[in-house]
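**Q** So for the sequence shown, the working numbering puts the first residue at -1; every next one is plus one.
In case anyone wonders, no lab produced these hints; they're calculated from the structure. As the structure is a prediction and not an experimental result, all values here were calculated from the model.
Cross-link-like lysine to any residue pairs, in silico, SDA-like; alpha carbons within 20 Å at most:
1) K37 to G198
2) K37 to G224
3) K150 to T139
4) K218 to R206
5) K90 to R70
6) K105 to T235
7) K218 to T50
8) K122 to D178
9) K164 to D63
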Amino acid sequence: MKLVQKIFLLLTILSLAHNANGQSKSKQEILTSIGKVSKWHSVNYILFSSNTQNSIFKERAFLIDKSSGKARFDGKTTNNISLVLLFNYKSKALEKGYINGKLTDAKSIIQYQEVLNQLFDDTKLLFLPMFIVSTHSSHLTIGPGKIANAEKLTEINFKNVLNLNKQAMNGTIYLNSKGDIKEYYIDQSVYAVGDIKDIGDGILLPTRFNNLSNPSLNIKFNIVAGFTDIESDKFSTL
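When you get a sec, could you build the whole thing from the sequences and use the hints?
**A** In structure tokens:
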């Protein structure tokens, strides 16, 4: 083998090794920020709520079973309608609904699609770190990073990461040297992220998302908690 060919082969091997290490490092960086993926899988139930008003809801709370897809929504619309909906986010089936405390025919509850959309919109931001951790490392790459507020941020690019609705997401997150996630780039929007909380068993998730181009899209989750067990009737009765 000629010397030039040997050098080219060596450079190719080193390049492949660098890319593999970059992907492993990207996954490790995220794990440092939010804990082990095994812990995420062991937490079956997650409760989260927000009092951040949008065009549809004044307040909202979701309780979900990640294994079965069962979900409970408690909330109030902007026109002061109180809703409790019991549904399955995997099958998209509404099983039971209450309007202002009264059991109502599920087919007549016109707000259900808005509730379902809200669940997927909320979890797309709230659960993004765990969606990324749960994906294959080939979907993650390390970018050049950047300096923000005199702080060096590591850049993690992700591609075809599935959300709760099994839709593919592409974007970027930025982490500081401590492993705290500081920014999201997703759906052509940029969010400054903060107020990281331990939701249980060492799982760390950001709970505040400030949209840097449209403050009306800012979201703050005041409660986020994970459980391994919960009363089953939470998904069947008012």
